[in-house]
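Chains A, B, C and D, in that order, are what the protein sequence lines are. Anchor point for the first sequence: position 112 equals 111 in numbering that gives the first Met the number 0, and the numbering is continuous, going up by one each time. Anchor point for the second sequence: position 98 equals 97 in numbering that gives the first Met the number 0, and the numbering is continuous, going up by one each time. Anchor point for the third sequence: position 476 equals 475 in numbering that gives the first Met the number 0, and the numbering is continuous, going up by one each time. Anchor point for the fourth sequence: position 262 equals 261 in numbering that gives the first Met the number 0, and the numbering is continuous, going up by one each time.
Heads up, some of the hints might be wrong.
[Unchecked claim] Below, in silico cross-link-like pairs of lysine-lysine (DSBU-like), each with a Cα-Cα straight-line distance of 35 Å or less:
{"hint": "1", "chain 1": "C", "residue 1": "LYS28", "chain 2": "B", "residue 2": "LYS25"}
{"hint": "2", "chain 1": "C", "residue 1": "LYS444", "chain 2": "B", "residue 2": "LYS442"}
{"hint": "3", "chain 1": "B", "residue 1": "LYS25", "chain 2": "A", "residue 2": "LYS120"}
{"hint": "4", "chain 1": "B", "residue 1": "LYS355", "chain 2": "B", "residue 2": "LYS592"}
{"hint": "5", "chain 1": "B", "residue 1": "LYS355", "chain 2": "A", "residue 2": "LYS28"}
{"hint": "6", "chain 1": "C", "residue 1": "LYS28", "chain 2": "A", "residue 2": "LYS106"}
The set of hints was computed from the structure by calculation and includes no laboratory data. Computed from a predicted structure; not experimentally measured.
Take a look at the letters that make up each chain.
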Amino acid sequence: MMQEFLQNWIYFIASLSLVGVGLYIVLTKENIFRIIVGLNIIESGTNLFMVAIAWHPNAVMPIYTATNHLMVNGKVVTADPLPQSLVLTAIVIGLGTTALALAIGIKIFEKYGTLDVRKIKEAEK
Amino acid sequence: MNTNLIWLVAMPLIGSAVTAVVVRYKFLDRLITFLTFATTLFVLFLAHVGQSYSWTLKFLGTTLNLTLNVSHLSIFMLYISIAFGTVLAFYSLIDNSRMKGFLLLLVLAANNWIFMSNDMIGFFFAWELMGWASVVSVLGGREKEKSRHAALYYAMMSVAGSYSMLFGIFILWRLTGTFSISANIAYLSSIIGGHPWWVLGIVSLFFMTFMIKSGIFPFHTWVPLAYAYSPDAFTPFLSAAMSKYGVYGMLLFLPLGLLEKGFPTAFGVPWTNYIFLWFGVITAVVGTVLSIFQDDVKKLFAYSSLSNLGYVVAAIALFTPVGITAGIYHAFNHLLFEGALFITLLAVISRSGTSKLSEMGGLWKKMPITFFTFFVGIASAAGIPPFNGFGSKWLVYQAMIKQHLIFATILLFLASTGAFMYLFKAFHSIFLGQLSHDYERVKEVPIVGQIVEAFLMIAMIFFGVQPGYILKPIGAIVKSMGLKPLPVMANGYVAGMFSNVYMPLIGWSLVVSFIFGFILFYVSAEHKNVSQTDNYTAGQIPEDWGLTPETYQFSWNFYQPVEKLFVPFFRIKIDGFFRGIGDWTKATGSAIKEIFVGNAQMYAFFAIVGLIIFVIAGWMA
Amino acid sequence: MSIFNNAALLIAVPLLFAFSIPLFGFVSKQLTKWVALFTIGFNATFSLYILLAHKYPTVVVMGNWVPPFGENLYIGPVAAFLVSVISLIGLLIAIYNLWAIKLGDVTRFSVLFLMFIAGASGMVLTGDIFNLFIFMEITGVSSYALVAYGPRRRALGGAFKFLVVSSIGSTLYLLGVMLIYTQLGTLNIAEIAARINQTTPGLLTFAGILLISGLAVEAELFPFNGWVPDTYTGAVNGISAALSGVGAIAGVYALFRIVMTVLGRDGTYVFTYGKLDLMTVVAILATATVIIGELSALVQKNVKKMLAYSSMAQMGLVAAGFSIGSKLGVYGGIFQLVNHSIAKSMLFLIVGVLVGSGLGERIEDFKGLWRRSPFLSLAFTIGAFSMLGFPLFAGFWSKFAIVGASIQRGGWYDFVIGLILFASVVEAFYYLRIVTYIFSSTSIKEPKIRVNLSPAIPIFILAVVIVAIGIYPNFIGSFSMQSAGEFTHKMTGYVLNVIPTIAAH
Amino acid sequence: MIVLLKLIQGIGAGALSISIGLLFVGIGRKITARIHRRYGPPFVQNFIDLFKLLSKKSISHGFTFDLGLIAGFSALLAAVVFLPMGQINIFPHNSSLIMILYLMTMAYLGMAMGVSSSGNPNATVGIARALTLTMGYEVPFAAVIFSVYLFAHTGSLTNIVAAQSGGFMNWNLVKLPFGFVAAEIALQGMLGEAPFDMAIAPAEIASGPMVEMGGKYLGFGMLQHSIGLFLETGIMVDLFLGGGSNVWIFVIKQFELYFLALLVNAIFPRFKIEDGVSFMWKVPLLLGIVQALIVVL
């Protein structure tokens with residue numbers, strides 16, 4: 000089980016590093032919109048990770064057609080369809096949160112007149 | 000399975016619910032409180048030793064049975080506290096201080112439950128109930144800001160106390176698996192031989208709670224605040240009855256059979272009891288010394304009640320037959336004379352409107368009945384023979400001397416002479432000396448108050464002259480604790496270890512000599528009454544110097560010369576220690592508050608750092 | 000099963016009405032609040048029907064895909080009990096909102112509020128970990144928007160912080176779910192719980208840690224609860240009450256459903272690389288939360304911030320109760336959770352009414368409240384005393400059980416409960432400080448505070464419920480005892496009810 | 000019948016104590032005069048003064064003033080009844096030392112009440128000083144009493160006297176020397192003699208409590224002083240000098256003690272109140288504690 004999982008380690012490294020980049024942006028940047036962009040990068044990183052999990056080398060697309068046989072002499076060759084469907088919901092949720100974040104960002108700019116998180120903190124103190 | 004016991008607890012609860020509804024109308028509120036007290040006292044007559052009642056409660060996953068049983072000690076404590084409560088409730092019909100009846104009844108319900116409970120859950124439930132009910136009642140005091148601070152200080156002490164008891168209860172539950180008090184104590188005394196330190200640790204958890212509630216030395220700092228700034232009608236119950244809960248708790252835990260287990264003893268007393276005895280003695284001395292210099296009369300008597308509690312604790316810590324008898328007897332006497340003193344104070348404060356000693360004076364002309372009760376009260380508080388205070392103080396000395404504890408007895412004797420000093424100071428500053436003009440219109444308390452005061456005066460004299468009625472039940476208590484009780488030949492007889500006193504004899508000799516005094520007085524030449532400012536002042540009249548009765552009255556800085564003696568003593572401040580803890584927690588609190596620094600990055604950073612620590616901890620641990 | 004007793008309605012009806020409210024909005028703004036009220040009312044009656052008529056444990060299958068394959072809702076004693084509590088508190092807050100929410104965009108508020116209640120009930124009912132993620136997100140999004148609803152600037156700052164931290168949390172959770180999915184190939188809680196041994200230890204622990212940190216954000220455990228104070232103070236009082244009452248229940252339930260049922264093995268829990276088991280880690284975090292929460296609440300001047308820290312600390316106490324692991328501990332935890340949400344939401348509603356009628360939010364402004372409105376001060380005292388665990392109030396029994404369970408477990412738990420008791424002495428100080436302010440009346444004559452009907456009903460009902468539980472705890476106690484059974488006995492309690500055929504291996 | 004007998008004995012004891020007391024004070028005034036190298040009044044002067052005072056009209060400050068002074072006199076009279084005097088021992092089984100001491104405090108309480116209700120601040124200052132002094136000398140006296148208690152294993156004076164029967168050698172004076180010296184100094188304070196007479200200091204507070212007393216009230220004050228004198232010296236005799244086989248030896252022993260006190264009184268100036276108390280807590284207390292240690296170990 001473990002070695003199949005680690006076969007496509009390159010994709011896991013890539014997606015988790017994307018999540019790392021997103022985290023870096025969220026943690027260090029002060030501008031609210033940069034933070035929202037960072038959040039989006041984390042979202043896409045996790046989505047990539049989910050898709051990477053579903054795939055294994057020389058997997059076939061999981062749609063049954065006359066030519067495309069899902070099972071070849073008892074071994075599953077198709078990529079796993081379920082995580083891909085989960086990715087769909089995850090993307091939609093990511094969209095929702097980003098939309099709300101942007102709305103809040105605009106409102107903050109209206110009220111505070113700045114987007115710099117530190118200045119907002121001073122204004123609030 | 001006698002159901003009358005449950006009524007002892009249920010009756011006050013119902014009464015409190017009813018009074019809570021009518022809390023708006025003061026007289027109705029007090030009337031129902033008094034009726035509930037009276038009916039509880041009546042129900043108490045049906046209860047006698049050996050009865051028990053238990054009901055089950057499905058809780059903590061197992062069915063627990065909460066049991067009430069009546070031992071000699073509990074029936075004694077119940078009688079004195081409810082009887083005094085009824086008298087106080089009767090007096091409170093005419094009182095107009097801001098005491099809420101339903102809180103007093105909650106405390107009464109808890110009081111009955113504590114004294115009868117034989118299981119730790121019920122005990123703890125009642126203890127905390129009494130705790131918060133009394134805290135809220137202390138809040139109703141006259142001086143707003145001070146009573147708030149006093150209530151908060153008292154609340155913190157009692158909450159800390161009950162949590163330490165909660166910890167102790169569950170440690171015992173883990174060891175013995177049962178909540179019943181008698182079983183746990185039996186278990187403790189069975190394993191005391193094996194690992195004494197473990198047992199002492201558990202018992203000290205409980206003793207901390209009891210010392211806090213009775214205001215013993217390290218934890219006495221809340222007593223003067225709570226007594227002085229609680230509503231005047233509640234202070235008598237707080238000082239007389241509620242300080243006995245700690246004593247009752249100690250008496251529960253004392254018979255651990257330390258002596259039989261060959262416990263190292265000092266002066267024939269197990270060393271733990273010896274240390275505890277010194278706590279009592281120090282409380283007695285601290286109470287007296289601090290009380291001498293008080294100007295607020297309620298604080299003065301709060302310290303006096305503290306010092307009497309020190310006597311009681313010192314006596315029961317000896318755990319010898321005469322020691323326990325002296326301790327419980329003094330607890331009863333303290334309840335009686337302290338209650339009488341606080342009720343008379345209640346009368347004086349309600350009439351004169353002030354509780355400062357320097358602002359009163361000469362009230363005996365206006366309030367004779369209160370004056371006489373106060374006189375009998377301070378006489379018995381000072382321990383003068385025909386009155387009820389003497390018997391127990393005398394027995395306490397006998398008990399201490401029997402164990403060769405000379406220094407402790409000397410200190411207690413100092414405390415008792417000091418008691419006479421502050422008692423006379425209060426007596427003089429309130430009733431004697433110059434009557435100031437704005438007290439001209441002061442009237443005696445209404446008839447209800449006079450009845451209560453007369454009743455208390457007669458009770459003090461009766462129990463002074465006939466101590467047998469109290470010593471017999473105490474003998475039963477001592478026997479139930481497995482010690483040989485003191486012989487009680489006749490009602491008037493108090494048998495000590497070194498000598499014995501036949502109290503009525505003193506009474507008769509006083510009466511006869513008073514008759515002689517009066518005869519001599521009326522035989523000699525007649526006298527003429529003069530006004531209070533017509534004094535021997537080398538020919539001038541005080542008014543010429545512009546002196547008013549207030550300024551001519553000597554009651555400010557009454558013992559100023561002695562103050563120089565005790566100055567080094569005042570420097571050590573006990574409540575500085577508790578304030579230190581308070582400030583430390585506040586400092587750490589504000590330091591920790593900095594964590595929530597207020598921007599999203601930091602929180603997200605914490606989350607990630609938490610995650611990383613998680614992983615490392617898992618890896619490394 | 001007939002359509003009517005299908006538990007999915009508990010989620011479907013609120014969502015349906017949530018999205019149809021804008022239509023009602025055209026008719027009249029106030030009507031939307033009544034519609035929200037009636038839907039939550041339906042939710043409450045239906046869940047009470049399930050709870051009281053003992054209609055559990057039932058499994059609600061979606062599109063008759065039998066559990067291990069399709070998604071399912073599982074209504075066990077826990078779910079039934081918590082859903083009814085959530086919807087009852089939601090109902091009371093909705094009644095309060097009739098009065099409180101006047102200005103601003105009322106229709107969108109009701110939409111969000113209904114979504115919030117639907118999400119929370121979904122979290123409690125669902126039997127599938129990815130579903131749990133979706134419902135967590137629904138509750139999350141609706142609560143960010145609700146927090147941002149507040150009139151003051153602070154609300155926006157609070158909402159933004161809440162959004163950032165929670166979305167990071169849910170991404171961690173999602174990663175954890177995926178790691179579990181790769182090994183076991185299923186998302187169904189019951190099946191994962193049964194086949195948890197087949198996972199490789201290294202990956203499982205990493206997935207476990209990710210799951211816990213993700214859920215700890217919602218359950219307000221120490222390193223992850225940075226957002227709590229600013230969000231609660233920023234939000235309107237009704238919303239803070241909803242967050243601390245309903246949101247906390249869902250958050251803590253999710254955390255311990257994962258830790259005890261999914262990762263647990265009937266009494267022992269997943270070991271991080273064989274040494275420190277997850278439950279001890281949660282216990283450490285819980286104690287840290289209690290202490291930090293109480294100490295920082297001590298120095299607060301603003302009542303709302305103080306209540307926020309106090310609810311964080313109480314969540315720590317609940318988590319500590321759960322983390323003991325024994326049936327008694329879980330019983331104490333659930334009972335305290337319910338007591339806390341009842342008392343805390345009442346306290347927030349009271350502060351809401353006071354602020355609404357012009358009183359400041361500082362502690363000193365509570366001086367002499369007794370004169371100005373006896374009803375509110377009495378309710379506040381009842382709530383405060385229940386939080387402190389004084390007898391005759393609900394909190395006494397649950398705190399008693401938690402202390403008992405933790406000492407019964409012994410070992411280093413004595414030290415844990417010692418710290419918690421010290422922290423609760425601190426808690427007693429700052430609550431009693433306010434109570435003493437209330438009752439020590441000041442001389443300046445201030446006008447009486449008039450409490451109109453709509454906020455008075457919830458406060459009155461909650462106060463009566465607290466005292467009723469305090470006097471007769473067995474009513475709520477029995478439900479929490481059954482639910483404790485479901486948590487501690489994983490296989491018999493939960494898994495076999497969902498998939499009877501599966502054999503734990 | 001017994002009651003009547005006891006009543007007569009009581010009255011006899013009372014009359015004895017009054018007359019002996021007045022006699023001692025008279026002789027005392029003559030001795031002090033001789034020390035001051037003058038003749039001094041005849042030793043029966045006090046009896047004359049008493050009759051003069053009781054027959055003079057006087058002013059009073061109300062009911063508590065009268066009640067207080069009567070109480071002061073009669074409480075001491077009641078205490079005398081319990082004192083074993085040589086072979087006159089009216090209530091042998093009821094003469095506990097602490098009981099007598101506390102009964103005496105009843106008298107001081109009565110007198111204090113009367114005097115301070117007169118309204119004159121000098122009187123109350125006097126009483127405050129007297130009470131502070133009581134706290135001063137009670138502590139060493141307590142140390143002495145309790146060491147005697149432990150030494151003789153009894154608390155009642157009758158048994159203490161019985162324990163000292165036989166020759167001079169087994170008096171407590173010999174067995175407990177330090178105790179005797181400490182008690183002697185404490186007695187000086189009790190009697191209100193010279194170094195410790197700050198309570199009735201004529202110069203500073205116009206003779207303190209007695210400032211408002213005139214006529215029969217001064218008479219009652221004098222009676223109270225004489226009975227107190229008789230009682231305190233009587234207790235000291237019973238405690239340390241073996242109590243005397245018959246009344247006259249008892250009285251002679253009392254006079255010895257009083258004579259000693261008079262000598263000290265005639266010479267020493269007055270202590271300030273706080274120095275008096277601190278002196279009492281230094282020297283006599285130290286002696287008392289030493290005595291107690293000897294007895295205990």
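Do the hints match the structure? See the list:
{"no.": "1", "hint": "C:LYS28 <-> B:LYS25", "verdict": "violated (48 Å)"}
{"no.": "2", "hint": "C:LYS444 <-> B:LYS442", "verdict": "holds (32 Å)"}
{"no.": "3", "hint": "B:LYS25 <-> A:LYS120", "verdict": "violated (53 Å)"}
{"no.": "4", "hint": "B:LYS355 <-> B:LYS592", "verdict": "violated (43 Å)"}
{"no.": "5", "hint": "B:LYS355 <-> A:LYS28", "verdict": "violated (66 Å)"}
{"no.": "6", "hint": "C:LYS28 <-> A:LYS106", "verdict": "holds (23 Å)"}
The structure does not agree with the numbered hints 1, 3, 4, 5 stated previously, though it agrees with the rest.
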